[in-house]
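Undergrad: So the sequences go chain by chain: Z and U.
Start counting the first sequence at 1; every next residue gets the next number (this note's numbering).
Start counting the second sequence at 1; every next residue gets the next number (this note's numbering).
Some clues are possibly wrong.
Identical copies go unnamed one by one, so any copy, or any two together, can satisfy a pair.
[To be verified] EDC-like cross-link-like pairs, simulated, lysine to aspartate or glutamate; straight-line CA separation at most 20 Å:
| no. | residue 1 | residue 2 |
| --- | --- | --- |
| 1 | K50 | D8 |
| 2 | K79 | D195 |
| 3 | K60 | E30 |
| 4 | K173 | D85 |
| 5 | K124 | D169 |
| 6 | K60 | E145 |
| 7 | K79 | E30 |
| 8 | K50 | E36 |
| 9 | K144 | E158 |
| 10 | K173 | D39 |
| 11 | K144 | D81 |
Calculated from the structure, these hints are not laboratory results.
There are 2 protein chains.
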Amino acid sequence: MVRRQIPDIVIGRLPVYLRALNFLVAEGREITSSQELGDRLGISSAQIRKDLSHFGEFGKQGTGYDIVYLRDQLRQIMKVDKMWDVALVGAGNLGRAVADYGGFQGKGFRINAIFDTDPHLLGKTIGHNKVNVQDVKDLAASIKERGIQIGIIATPAEAAQAVARTMVDAGIKCILNYAPITITVPSSVRVQYIDPVVGLQRMTYYLS
Amino acid sequence: MVRRQIPDIVIGRLPVYLRALNFLVAEGREITSSQELGDRLGISSAQIRKDLSHFGEFGKQGTGYDIVYLRDQLRQIMKVDKMWDVALVGAGNLGRAVADYGGFQGKGFRINAIFDTDPHLLGKTIGHNKVNVQDVKDLAASIKERGIQIGIIATPAEAAQAVARTMVDAGIKCILNYAPITITVPSSVRVQYIDPVVGLQRMTYYLS
């Protein structure tokens, strides 16, 4: 079967659906509807049905979605039904918070390489997976050796572009960037930004 | 003039447009197009034009958008042309990283109240704005006294719901939640989640 090209904006909503489904599973629920998902997420039920229809038939008219089944299908579609190795650069407050983050568990990611430039941090063991902080000089070699495709940048803004370049040259295909700066990468590499400003600004519209 | 109800999903894209416009300003650019913005953001140019048309007429056919003008209009629409006080709860690694974040500057937000439970942190001065860490016992009184409407939760998952409840009872209307847990609030309160998993999962689809 030839899979049609699916708009990136649809792909971008899948993790949000998966997140909501995980919450429903945690609440012990078994069946949901596009209406309920939509109400929770502020997305129309029609949009959700249309998005999911790109990937197949997940619910029956009138009976809703089997939550665990839909969750497992989405995990497969997004390829997070396996574990991806992730390289983290930056072991300051932010980097340590990311390394400690409990939310990666069971979501498809494992931070198992951490880098910094600070001599006081090198060799220290940090984070959820008890990883030794390595010198950022070893970043490229380590990425290549382990075939890591995903990187997280948690450095100061000034350092982010150079780190991104090293990551890309070594084979990283996806970058999650916490530094408050836009980074330039080849079009074959994907970048997502974690920016609290975007989250805050989408709420102030409603304040009086 | 009566403003029509604008879909929340449209409101949610405005900060992303503003972010892109800020980058263009930083690059010294003066004019852009819905096509260029769309290419940068992975959103169709038709969607961008439709979103912006909810708020007025910002560009002329064939000449594109004046970047600074559109940026300033969006800042007004989102009400981030003024400075909002923000209360941050949690002064551990993550909280300190948020407090230190350089990206809030000029974006409409100022973290000027920080709370924790750790006796070793109380009274310490942290973050970009050199704020004293207060006891979380004083959270409600401080929010009320200053009329703060925006809160950021950077606590462990176990503490997040109780903090959210205290915030809401004291008058907070918008919460940015970093804790890896869903929080329950009245429907009059808005919550946004900062979740690195969502950012990572929307890229793995493209990996092979």
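Undergrad: Does each hint fit the structure? Answer for all of them.
TA: Here's how the hints hold up against the structure:
no., hint, verdict
1, K50 x D8, "both (14 Å within a copy, 18 Å between copies)"
2, K79 x D195, "between (24 Å within a copy, 18 Å between copies)"
3, K60 x E30, "within (14 Å within a copy, 51 Å between copies)"
4, K173 x D85, "within (12 Å within a copy, 38 Å between copies)"
5, K124 x D169, "neither (26 Å within a copy, 42 Å between copies)"
6, K60 x E145, "neither (47 Å within a copy, 52 Å between copies)"
7, K79 x E30, "neither (23 Å within a copy, 40 Å between copies)"
8, K50 x E36, "within (15 Å within a copy, 27 Å between copies)"
9, K144 x E158, "neither (24 Å within a copy, 38 Å between copies)"
10, K173 x D39, "between (34 Å within a copy, 19 Å between copies)"
11, K144 x D81, "neither (23 Å within a copy, 45 Å between copies)"
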